[in-house]
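Engineer: If you read the protein sequences in the order shown, they are chains A and B. Each residue of the first sequence is one higher than the last, beginning at 1 in this note's numbering. Each residue of the second sequence is one higher than the last, beginning at 124 in this note's numbering.
Keep in mind that a hint or two might mislead.
[Unchecked claim] Each computed SDA-like pair below joins lysine to any residue, with the alpha-carbon atoms no more than 25 Å apart:
hint, chain 1, residue 1, chain 2, residue 2
1, B, K330, B, V146
2, B, K302, A, S12
3, A, K32, B, V301
4, B, K131, A, A11
5, B, K313, A, I82
6, B, K280, B, Q254
7, A, K52, B, I145
8, A, K84, B, I138
9, A, K22, A, E90
10, B, K302, A, I5
Calculated directly from the structure, the hints in this document are not laboratory data. Predicted model, so just to flag it, every value in this text is computed and none were measured.
So the chains spell out like this:
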Amino acid sequence: MSQQIINSVSASQLQTGRDNFKVGDGVKVYTKVREGDKERVQIFAGIVISRKGSGIAENFTVRRISYGEGVERVFPVHSPRIEKVVVDRESVPMKARLFYLRSRLGKKATKVKEKGYTAKEAK
Amino acid sequence: MKLQLIGKKIGMTQIYDENNNIVPVTLVQVGPCPVIQVKTVETDGYNAVQIAFGPQKEQRLSKAEAGHFKKAGIAAHSELGEIRFDVAPELKVGDVLTVARFESGQLVDVIGTTKGRGFQGVVKRWNMDGQPDSHGHMMHRRVGSIGMRQTPGHVFKGKKMPGHMGQVRRTVQNLQVVKIDEEQNLLLIKGSFPGANGDLVIVRHAKKAK
Chain A
1 MSQQIINSVS
11 ASQLQTGRDN
21 FKVGDGVKVY
31 TKVREGDKER
41 VQIFAGIVIS
51 RKGSGIAENF
61 TVRRISYGEG
71 VERVFPVHSP
81 RIEKVVVDRE
91 SVPMKARLFY
101 LRSRLGKKAT
111 KVKEKGYTAK
121 EAK
Chain B
124 MKLQLIGKKI
134 GMTQIYDENN
144 NIVPVTLVQV
154 GPCPVIQVKT
164 VETDGYNAVQ
174 IAFGPQKEQR
184 LSKAEAGHFK
194 KAGIAAHSEL
204 GEIRFDVAPE
214 LKVGDVLTVA
224 RFESGQLVDV
234 IGTTKGRGFQ
244 GVVKRWNMDG
254 QPDSHGHMMH
264 RRVGSIGMRQ
274 TPGHVFKGKK
284 MPGHMGQVRR
294 TVQNLQVVKI
304 DEEQNLLLIK
314 GSFPGANGDL
324 VIVRHAKKAK
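Only chain A is shown next, with the shape it has when bound in the complex (with noise of 0.2 Å):
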């Protein structure tokens, strides 16, 4: 009784079209970024390496590297500052989250191509 009545706070807050991704997808994340009074959208580009939670309070974590470094962002899934995710590249990956990429250097650690993956079984 008590969960239904938070979940009926919270359905109102969740967003639509956000299940689109799922771990080890090559996504854009378009990000609105509020300067002063202008609002303009931002892209994060990389691998989702996990998502948790549920509910509102659900998570995801993308990591990219940039200039040869890892840099990883925590998007809640229902933020409304998210205007979409956009998937670039899917994976069928063997694991729920993808933590061993930061321990891959160079190109394998942008890559998630895991066992018995096949282009159709991505699709």
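With chain A fixed as given, assemble chain B onto it according to the hints.
Structural biologist: Below, chain B alone, put in the same frame as chain A:
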């Protein structure tokens, strides 16, 4: 008119405010609280109204309580509370106090009963440091010295020691009401306050708010 109503803590969640910032909120179902008795200086020596909360089967009440509700002409409720006033309020028996008496953005105090922790040692109960774990120490989480010598010759009153922790009435002041849901009798209050989910709490207009 500063009111205090009885409610039930539902649980915590988060919502986005108008600046798209995440605000942690605690949900509390407040009222509806019908007035079942009005006390005045003439009749009782002080000004107050008695309110009820939580519909209940009449068979679950004692005959005295059931008779009390019957006299007021109000269906049986499980909880009773009293709001005291300096001057006699314009309330009469049968008036129903709801969340509509609160405003979004205003400050409230919430009174609850903290979660019971049972018998706890001094490290958890009073945040003492305890003694080192290694290098030959054998008093890891114990209280240490509790006093001096022949002078003063006794342990001071109020010395922090192990004992029962939690399950005491606590008030958190000046919490902000973020939103009101009149349909579900809900108050969304910023931050947290004592008590387990489902516990009874008292929500009142903040006493010290400017």
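Engineer: Among all the numbered hints in the text so far, which are the ones the structure does not match?
Structural biologist: Going through the list in order, the structure violates no hint and respects every one.
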